[in-house]
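Assemble chains F, S and Y onto chain G, guided by the hints.
Residue numbers (this note's numbering), protein chains in the order written: chain G, 26 to 462; chain F, 26 to 462; chain S, 26 to 462; chain Y, 26 to 462.
Keep in mind the hints are simulated off the structure, nothing from the lab.
Just so it is clear, the structure is predicted and the values come from calculations on it, not from any experiment.
Mixed in with the good hints, there may be bad ones.
Far from chain S by the CB rule (all over 10 Å, computed), these chain Y residues [claimed, not checked]:
| id | residue |
| --- | --- |
| 1 | F94 |
| 2 | K101 |
| 3 | E190 |
| 4 | L192 |
| 5 | D307 |
| 6 | E321 |
Output of the computed footprint for chain Y on chain G, the stretches with three or more beta carbons under 8 Å from beta carbons of chain Y [what the hints assert, rightly or not]:
| id | segment |
| --- | --- |
| 7 | 141-154 |
| 8 | 161-171 |
| 9 | 264-274 |
| 10 | 378-384 |
Every residue, glycine too, gets a C-beta built ideally from N, C-alpha and C.
Number of protein chains: 4
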Amino acid sequence: MKPEDFDVKELGRATAMTPLNESIRCRPSFGFVTDNDRVLYDTSLASYDKYCKLGEPPVSFEKAGPREFLFFQPSKTKVGIITCGGLCPGLNNVIRSLVMELHYRYGVKNIIGFQYGYEGLIPDYDHAIVDLTKESVNHILHIGGTVLGSSRGEQDVSRMVDTLEMLNINILFTIGGDGTLRGAHALHEEITKRGLKIAVGGVPKTIDNDINLIDKSFGFETAFTIAREVIRNAHNEASGAYNGIALVKLMGRESGFIAAHAALSIQEVNFVLVPEMRFRLDGPDGFIDVLKKRLEHRHHALIVVAEGAGQEFFSGEKQEKDASGNIKNKDIGIYLKEKITEAFKPAGFPHTIRYIDPSYYIRSAAANANDSKFCSLLAQNAVHAAMSGKTDFVVGHWNNEFTLIPIPVTVSERKKIDINGELWWNVLEATGQPGMI
Amino acid sequence: MKPEDFDVKELGRATAMTPLNESIRCRPSFGFVTDNDRVLYDTSLASYDKYCKLGEPPVSFEKAGPREFLFFQPSKTKVGIITCGGLCPGLNNVIRSLVMELHYRYGVKNIIGFQYGYEGLIPDYDHAIVDLTKESVNHILHIGGTVLGSSRGEQDVSRMVDTLEMLNINILFTIGGDGTLRGAHALHEEITKRGLKIAVGGVPKTIDNDINLIDKSFGFETAFTIAREVIRNAHNEASGAYNGIALVKLMGRESGFIAAHAALSIQEVNFVLVPEMRFRLDGPDGFIDVLKKRLEHRHHALIVVAEGAGQEFFSGEKQEKDASGNIKNKDIGIYLKEKITEAFKPAGFPHTIRYIDPSYYIRSAAANANDSKFCSLLAQNAVHAAMSGKTDFVVGHWNNEFTLIPIPVTVSERKKIDINGELWWNVLEATGQPGMI
Amino acid sequence: MKPEDFDVKELGRATAMTPLNESIRCRPSFGFVTDNDRVLYDTSLASYDKYCKLGEPPVSFEKAGPREFLFFQPSKTKVGIITCGGLCPGLNNVIRSLVMELHYRYGVKNIIGFQYGYEGLIPDYDHAIVDLTKESVNHILHIGGTVLGSSRGEQDVSRMVDTLEMLNINILFTIGGDGTLRGAHALHEEITKRGLKIAVGGVPKTIDNDINLIDKSFGFETAFTIAREVIRNAHNEASGAYNGIALVKLMGRESGFIAAHAALSIQEVNFVLVPEMRFRLDGPDGFIDVLKKRLEHRHHALIVVAEGAGQEFFSGEKQEKDASGNIKNKDIGIYLKEKITEAFKPAGFPHTIRYIDPSYYIRSAAANANDSKFCSLLAQNAVHAAMSGKTDFVVGHWNNEFTLIPIPVTVSERKKIDINGELWWNVLEATGQPGMI
Amino acid sequence: MKPEDFDVKELGRATAMTPLNESIRCRPSFGFVTDNDRVLYDTSLASYDKYCKLGEPPVSFEKAGPREFLFFQPSKTKVGIITCGGLCPGLNNVIRSLVMELHYRYGVKNIIGFQYGYEGLIPDYDHAIVDLTKESVNHILHIGGTVLGSSRGEQDVSRMVDTLEMLNINILFTIGGDGTLRGAHALHEEITKRGLKIAVGGVPKTIDNDINLIDKSFGFETAFTIAREVIRNAHNEASGAYNGIALVKLMGRESGFIAAHAALSIQEVNFVLVPEMRFRLDGPDGFIDVLKKRLEHRHHALIVVAEGAGQEFFSGEKQEKDASGNIKNKDIGIYLKEKITEAFKPAGFPHTIRYIDPSYYIRSAAANANDSKFCSLLAQNAVHAAMSGKTDFVVGHWNNEFTLIPIPVTVSERKKIDINGELWWNVLEATGQPGMI
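Pulled out of the complex, with its shape left as it was, chain G reads as follows (with noise of 0.2 Å):
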């Protein structure tokens, strides 16, 4: 999506509900934030001269923050959290950080988790429900996974409308990715036309880094970093053994942030391979035989492949998905093994391959210092939005600023890597690899 392609009502301002209660003052800040505050999409100068001579206003973000005045009275206002679909790092950082902001800032005492993601809305289940405190979260900021539990897939929305109903939940937030936060606009519209009051607010969860229009999302760079240290130790697989070949798998269902960065940051990788380029296996300079050429040169060598790379070669082939409706995707990293080991055996080629998924090990891990702090700041503005009444958004991040954003714009495509940009230009120079295989 280009920046062209928005209209700005759409793309710039979470919903509010009204009539909005100017009575609920917010306790001082070092300033408050207004409707009028956002910030440019594109900071290019060129875009400004452009813009300007048009006359018109630029497409801009809304900008999160403390308003002067809630919407919810905070003595009486109750709270739900929920985390869904795969792990992440940092998921009780925001945990904590949301239950710590509405204690101490807001003065809300009244926080419930939900446990097992939607299903924890579903009185079927059986799932209990926890009181999430200040003690009670103190001390999981250095755990990784979640302690509410998570679970993947769609719930009946009426139903779940009628547990927020019941329990009297004034704002409910939900920590997940695509299928999370299109489940939290399906609920948001069945509140809306309930004429219920509950706002519900989105905290972006993607490890692969791909949620549209942000710039960066929580535990991302925990994840490329403790993938550096996977690729470290495989690189001495690689050249521990003549034409020694170590591939490791990577999250990146349908983008390559992870691979690309992790690559980027130890300056030891041969071969990226990702979802948004397309490669050849056979041929001439195909994949085989451009590796093959990099150990009969080197004797050792390093591939670096996300998921989600190469699901064409399995074109042919049935499609899965996954209890969030995620395409399901064939394992890459297998099928590689495969292919490399039928074209080297019968050739007589000399050779050890090592294939190392380690995408358990780094999505259950704890945030590092970084993330840490990043997940505090977005569980933060996710707090501030609710209770000035906002709903129906997810926290952004944009150049540095933290942002709003309507559900249905954030959900509407994944970002990716430009293959004719600067990061993927990078990746190319530290690889050595050639830029079509």
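Positioned in the frame of chain G, the structure of chains F, S and Y alone reads:
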């Protein structure tokens, strides 16, 4: 410095050596940067509105990146690299990436390192010159410190330029802080006076993250990441004794960014003291008093103090400067420890205090994954700029873009925490410390 | 203490409370230990030959392990736990495993923690008593420090036993060093005098690894593991400056085990100074002289000094003791730094010196994997012994076996590095330092 | 193998080449080891009593250490080093210390490395020979893998000895496991047959810690240390889903030491499955059944399985061997995952299972501090032995002493966990798993 203080002509453009030789083309890239590519300083919609209404160009940075035409003929180009000032995580990553970018992308093979900072340019010191090749730098990215060695302090400008001339250096990369960059500017002026064609490019180094107009400097994230581990253990010291006090001094000569970010990343710190905030020790609601209340309430306290905090307590004393010309801070950590003891001991207030100064442990560490990646990109952009004939510049970073800034602008003042701004507010919330002490 | 100095009767057997109640059977186990199970002190064939020829029993330790009959009725047993002295990695692991072993294996549910060391047994301090349950201790093994808090110093023995009586404590586990164990022995004597049936068991804690007749104490490995990282970075400090000197002070009040093991694990240290080795500072081939030669030759030097080294330099000065009664060492690190500067500066010998004291960072860290395992086994053996009615013992470790040692034997003297033995020889080889300085 | 099965003459003494040349003296040391220095196998008092009463010499090991007289003239000695088999943390540490000890202590400067295991001794492979100098190995101790490369499998013994002869090798150090040591013994026999004076010394490598008569092998502690981190994150995977199961497969072809020690070090594992323990999958109180009960009770489960566990399930299938001749284990991890799914899915028992295989990540890691130290000492003792003319030996470790063991004794069988012994009992206690499944 506020944006409106900038004169765009001064801010905006690194010196380019003329005549620009348009006969040497750069190798193809993902796209070339031109002189019209600029990055807005202020990315708020309000700023846009203001400038557009005035019909004035907004303040903006020159964008870094590869340029279509080179000033230097790669095969005949000789490059020198120098590291100055205190250690900072990532120095070796920058050195490595300068060499790799020059070698692989531009085909520059003649690269030398001067040892021990500017001393390396003065023959009297007799420091050997080091050949820097792709092999010699290949494995240094996992090592802290600098393989070139460093030193503080100024050297005779004229004699340094003599050395550059004698060795036929075409490009000098200086990696260092404020003082180093001032030295680089002086070199540039002497070079210009002599009519030489030597480009001087700076890679700004400040572990404190306080270089003006640069939103993030290399090594800073690694610094607060390690600081977080130290603080985590310090918390165990504090809570392991009755009325236990752990006092951690962190880097931050004139600004408290490391202290603030470390505190935000761990959320266990009770007091953050920074140079930007004056505080009283004595009297009601002075620091000693609020510390005592905290101890009476919770029986342990964790204090983080930036080295430059509270220097006003030493105002009557003689100022010393280090070899770089920085004012040497009196040791606020030891001072606080003594003052606390002086206050509590005679009063019979039982307490245990542990003072921890991890500065040398932190600054000599290897860069973490994110800083490693960042160092590579900084170095690449420094090479792009210098090869295209830019000089007297530093590579900056602003809102996810790499920029070029004239050295005199960068060193005009230091970045500080805005005590009334969002970052400090977040620190106050995370610590629960009073806004005024 | 040499093996021949031991009287087997004194050495060999922890006090057992009589009458041994043989009606309470232990749950089945992998095998029970009996009074005849003993572990040889000297495992050389020569020692065997000597004793066998003499017809004398060789010196041996009582073996630890579960015993068939219990002295205490689990359902009626109440246990207290106390941690004393300085922090050491693994304290929380020991606490956790004491609780888990009592709970799961013996069915003892009534377990309390006294806070802040022996102070917790004196009502005047008014420290709260903490219930220790399997839930409350479950997650503490990843946290450094001690959840019970600690303190140094003696308390009134009679009043402490009053507290034990009043609270109906049957077993008291004290986790601490020399002073703590002396205190435990005093408690035992008072308990015996009063005819009480309270077992007192010690888990010996010394980060310095210097408890007599115990080949390995918990936390020691973690300590030199972290010290190694500090030294690794310190090496970067040394080599990052011309004639750079990095000086790292490590724990080791009366012995240099941490310094020695850290140096052996990294192999980059040039000088290791320990309490066991006297050295001269001045004169030819004194420390300053050999340091200077090293710098002239290699231009950087890395020194590790144990805190107790060189205390003879302060012999004229007044001795201070800490609250535990340990003689407080004068700061040899700062002293060396000053002496080096005093020697080099007036002589115009250019150098840079960095002094690093990571002690509080190291001792407050969480136990590493091997120490965690070791702590569990120590704690289990302490529980086995106490439940079977042993008292006035510590759990030791000798040649891969856990042992029981009477407290008076353990505290009779401290273990030291044999300057003529293999460990020190290895250090000399790894550093290249002269055997005599 | 029980102690009473040993013939002391066979066990006790590494082959020494004659005539022992008593004209070459070793440099002074902390003391020299003689043929009478031996270390008892069984250190229990009971064993002492038995042997002493019988008047028989007890089973004992030859003690390693420097000997007064050398067999080889250092200045004329040429040494080869080889690493074989799978990667193991510490290989580079051993290589480095062999070189450093030869160089600094014995003055042997002519040291070469054969690349890629025994292949390096066969000219057909055309692997280059690598000079090993103190400079070239200085920094490798922080790198996992092996700088010499490795390979599996046997090579023609006669041709390998041809190479040794042709290159005038006097000492060959082989670092490898069972198969490698068998190969080393074959080399020794061929050398003897030819009447050559080439010493063959083994440094035993087994990440599984299963070499007979050696209580601890290098890399093992690093392995379970990293495994612990993987398990810690795996626990987050398990608890992050309703009835979440995390299944971690660890190294351990014929023994479960890594699995057992990792489980003891983290105390969160619910099931440890090892080769030494047969278990049933189906039926009441079979593995599936107890797993289901655990999930019903606690809703998550953490399983650690050694790769060699449950191989009896594949007994009908064709056995494969790897290039080293080891029987290739069928993948018990994948098998268990499938069996659990097969059992739970049709029954509608909701669950999520995550399978994690970190083997290549673990074995390629750099040695931790304790292993680094241990590797140094192993290597030094290998050098001592070979320089004194010992051959056909491995350096072992027993009860804190380094030993020399004839290769044939070492490879006679593998060490295993005693299912009725203390280690396994501790695992049962730490996990709470039934003694029989």
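Each hint tested on the structure:
1. F94: Label holds. Min Cβ-Cβ 18 Å, cutoff 10 Å.
2. K101: 23 Å, holds
3. E190: 32 Å, holds
4. L192: Since the minimum Cβ distance to chain S is about 28 Å, L192 of chain Y lies beyond 10 Å and the statement holds.
5. D307: 27 Å, holds
6. E321: Answer for E321 of chain Y: holds, closest chain S Cβ roughly 20 Å.
7. 141-154: It holds: at least three residues are needed, and the segment 141-154 of chain G offers 4 whose Cβ sits within less than 8 Å of chain Y.
8. 161-171: Result for this restraint: holds, n = 4.
9. 264-274: holds (count 6)
10. 378-384: holds (count 5)
Figure legend: structure checked against the earlier numbered hints; every hint is met.
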